[in-house]
Amino acid sequence: MEKVKCEPCKVRYRNNVSIHWCVICEESLCSDCTENHRSMKISRNHELIDINRMPIQTNIADQCCFKHDNLPFEYFCIDHDVLSCKECLAESHRSCQKVMSVDIACKGAKQSQSFIDATELVDHVLETTHTIGKDEQDFIENIVKEANSVKTAVRIVKEEAIRHIEALEKSLLHDLDLKKDKIIQKSKTTIKETEDIKKSTKDKQDIFDLVNKHGSEKQAFIAVHAYKQDLTDLEKRVTGITEKSTRFTISLNPQKLKESIHSIGSIELSEVPSNIKFVQKKKCQSQMPIVQAQSMPQFVYKQDLDTKNVRIYGMTINDNNEVILVDKMGLGRILVYDKNDNYKYQIETKHQPWDIALIPGKNLGVMTSYHEDVLQFVDFDKKSISRTVSVKESGQGGVAVLNKNIYVGTKGNINILDLEGRFIRSIKTKNEIETPWFMTLDKTGNIYYTTRQLLCCIKSNSEEVYTYSPPDNDNLWKLAVDNNGYVYVAVQTSGVYRIKPDGKLMDIVIKNENYQNSVGICFNIQFTKMILSRGNTISVFNQK
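Going by full-length UniProt numbering, 401 is the number at position 401 of the sequence shown; the sequence numbering is gapless.
Derived from the structure by calculation, the hints contain no laboratory data.
Among the clues, some could well be false.
[Stated by the list, open to error] Okay, derived cross-link-like pairs now, DSS-like style, lysine-lysine, Cα gap no bigger than 27 Å in a straight line:
| hint | residue 1 | residue 2 |
| --- | --- | --- |
| 1 | Lys383 | Lys339 |
| 2 | Lys134 | Lys383 |
| 3 | Lys186 | Lys404 |
| 4 | Lys186 | Lys110 |
| 5 | Lys443 | Lys404 |
Working from the sequences, and respecting the hints, build out all of it.
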């Protein structure tokens, strides 16, 4: 550490080296000044620490008001939870009832909730930045491994195409490297930013630790409020990183070489949010926080849709709040109702439909079939089935769409396809002989699916999050998940259950009456409108 000059000696134009630092006075002292400091009545009880332990930022708490020529903070307004100088008091707090001097307000500051919150926030930010950095490094290693796997796949495809595709291979590998480097550069940028946050937070931690162990109550109180905005900014930066943090996977999407020799494939990136989440601590404040219980929405019956001779299981609502139902009666059809629940039109299907999902950003949909192992693609602009794709063992399987992937329930698996219906990979489910017959995904990429008597939540790598079984072995049908991770599932003889994010039953939102059955459910984007299928009748519920 660079030698620090004694500050009292500087005033007297002496050039002595400091050996101690006074936490209270925030001054470095040489041996002579240390002895004088300890002998004076006003400073003999001050905490002196070794000069090597002096913090980088020696001004622990900015005790001056930048608005009014660096006047000292002498008052604290409880009403506004801010420090004030004399001018601040006259300008902004004249009518405030709860104003006291800092010397009185700072009593017990180290034991206050605000100081505890500040130190906990520092620890929380440091812990999260460490986790982010480690996760990003692991992610880089995985991306490199995946890129190497893709290179191996490229070489295999290359062998099938012999010499004709060597030039195309070079182009493809170049594209792979560009995308890999772009992903890695993004992660390195995140690491660099988190290191910056970590350094800034560590500085604050040193200060709070020092004040906590050696400082005065006044310094603790001043530190909390002087650094309140800095801590809030650090918290927002970490929150911004975690909210925007996404994960890519690299895979090869090969073309059929015999049909299309001009290309051997393309490098596909699949992006999902990372698993790291930063849960913000409560804001630092002098008053005790008021904790408000989360109010869950309740729904009341509005009306039934105008339907006749139908059997509805699959359903959804598009961005225009139009209700879309799939009816398996006869040869099958799609029924569309406007946002006011009035019938608009229908589309005849090629196979009896089972479940339906919409493709984001396009007026298109994809359906599984009741008996056949076939996906049916729906063009709502042309009001027709545009094409079909065979998917083995997908009959009575659920379907969902997230980003650029289609998820289809098959026997013992969930198949992931691209938007053209081409197979990418599969995810093993809990029961290898049952087909996930309804499914949905949340914004983090978690997959929720039902079999007859089991609701499962899994991650995209097959890792189980939770499972839920209804009482009395009742049958589970279609389900939906809100933005907070609460699952609404149609339970055949009971009604609509609301399942908490930990997989436990919260309540029964809608109870069946008069021997009714609940089999299908969907919500609008705002989650203010629920559509519930009883099989042959469709009921509309509005949020209270």
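Structure-based check of each hint:
no. : hint              : verdict
1   : Lys383 <-> Lys339 : holds (18 Å)
2   : Lys134 <-> Lys383 : violated (50 Å)
3   : Lys186 <-> Lys404 : holds (21 Å)
4   : Lys186 <-> Lys110 : violated (40 Å)
5   : Lys443 <-> Lys404 : holds (13 Å)
Violated hints, in rising order: 2 and 4; the structure is consistent with all others.
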